[in-house]
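Chemist: Using the sequences and the accompanying hints, generate a full structural model.
If you read the sequences in order, they're chains A and B. Sequential numbering from 1 applies to the first sequence in my numbering. Sequential numbering from 1 applies to the second sequence in my numbering.
Where hints are given, some of them may not hold.
Reference listing, derived: stretches of chain A covered by chain B, where coverage requires no fewer than 3 residues with Cβ under 8 angstroms from a Cβ of chain B [as the list claims (entries may be wrong)]:
1) 6-16
2) 27-35
3) 39-48
4) 51-59
5) 62-73
6) 134-143
These aren't lab readings, by the way, just hints derived from the structure by calculation. For each residue, glycine too, the CB sits at the ideal point set by N, CA and C.
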Amino acid sequence: MNIKHHLDEATLVSYAAGSMSQAMALVVACHISMCSSCRQRIHQTEMIGGMLLENLEPADISESALEQVLACIDEAPEIEESVAAAPIFDSAPLENGADRISDLPAPLADYIGGSLDQVEWSRIVPGVYYHDLPCKTERGGVSRLMRIAPGKAMLPHSHDGNELTLILKGSFSDEIGRFTAGDIADLDSEIEHQPLVDSDEDCICLIATDAPLKFSTLLGKLVQPMTGF
Amino acid sequence: METKPPGDDVENIVAIPQQEMKNNWSDLLVQLAERRDKQIYIAIFRHFAPKIKAYIARLGLVESTAEELMQETMLAVWRKAHMYNRSKAAASTWIYTLARNLSIDWMRKQKYPEYGLEAWHEEPDEERNSGEDEVTADRLQKAISQLPEKQAQVIYMSFFEGRSHTDISDRLGIPLGSVKSRLRLASEKLKMIWRDDV
Ligand SMILES: [Zn+2]
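Modeler: Next up, the structure:
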């Protein structure tokens with residue numbers, strides 16, 4: 001997968017620290033499972049957590065703690081089965097008409113099942129659809145899938161917080177560049193942008209924010225195609 | 001040029017691994033997976049359990065919960081040891097992520113999105129040195145102590161208080177962009193210790 005747009009270092013720290021909302025963490029986990037270079041980076045960032053743990057002043061633990069844990073082990077000594085390795089995300093169509101392993105990064109599949117084809121979309125305006133995910137957000141942010149038809153654009157918008165957009169299918173372009181499957185737009189409030197879908201197929205992205213978009217609180221205004229007005 | 005007395009090498013070969021084993025938690029964890037040996041587990045428990053509890057307590061959880069989650073984390077160490085891949089992470093890193101995920105799951109009643117086991121199981125990329133946790137623990141401590149205070153602060157607020165960028169921004173009364181640039185700078189400096197072989 002030819003990924004050009006990656007996670008911001010500050011976003012990786014937040015994910016490694018476990019200090020971002022569920023909604024944001026889902027987008028990060030999805031990009032990481034698609035992107036070997038960010039996977040490399042997150043291992044190192046998590047090492048910071050490991051080292052911080054190692055350097056902590058030990059706390060007093062209950063005297064019977066070890067006994068209790070050993071008792072649990074004796075009670076149920078069986079080890080946890082390795083879950084079969086999740087299929088690696090691959091958006092390329094397979095040859096010989098074989099079934100594609102998955103068109104979804106594994107962390108997202110936990111929420112919506114095996115395929116993007118199964119998603120139930122709600123329409124905002126013609127050509128623009130959304131599907132809200134059950135992830136917890138921070139400060140009125142969103143956690144959702146968007147499906148936008150070719151040629152549609154979103155109104156320029158900005159936000160008070162962070163916004164993560166992961167492209168799962170199709171592509172869009174904005175002031176920053178062109179984003180295709182696997183790319184992540186990792187933006188904060190300093191950036192105002194106006195993404196335009198420039199693929200032949202619908203563009204499907206996974207979005208999380210940690211604040212409402214600046215222009216509105218109404219769902220219908222979250223993504224307002226220029227042509228829809 | 002070999003002037004060592006005979007037998008000296010043999011002694012070294014025997015002596016060095018023993019000394020390393022004393023502290024090499026990553027190797028011990030691999031052995032735990034292979035041998036399911038309670039003595040190894042107890043050694044790991046004694047070392048990590050009090051630190052795990054300290055970590056969880058810092059996230060703001062009450063003592064009894066921290067104790068409970070620490071025990072759950074240590075139980076997970078036993079049950080998931082076979083999933084540990086030492087070419088991907090030091091023992092302390094792997095145990096940290098177990099403690100982090102269990103704590104977050106408990107606090108949010110929702111499972112922390114993980115990037116999947118393939119990340120731990122895929123073909124090993126460039127091997128890191130064994131014993132990296134021991135080698136770098138001192139270096140990390142040094143690196144952290146050398147961070148400008150403002151950068152160390154946002155690292156601690158992220159890892160130990162679980163605060164998001166916006167939360168830190170509110171707490172410190174600084175713009176979101178400043179929080180992120182401090183985190184970026186801090187993280188890049190800390191990561192230098194794994195690149196820098198000197
Ligand atoms: Zn990436």
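Chemist: Hints first: check each against the structure and report whether it holds.
Modeler: Here's how the hints hold up against the structure:
no. : hint    : in the structure
1   : 6-16    : holds (count 7)
2   : 27-35   : holds (count 5)
3   : 39-48   : holds (count 9)
4   : 51-59   : holds (count 9)
5   : 62-73   : holds (count 8)
6   : 134-143 : holds (count 4)
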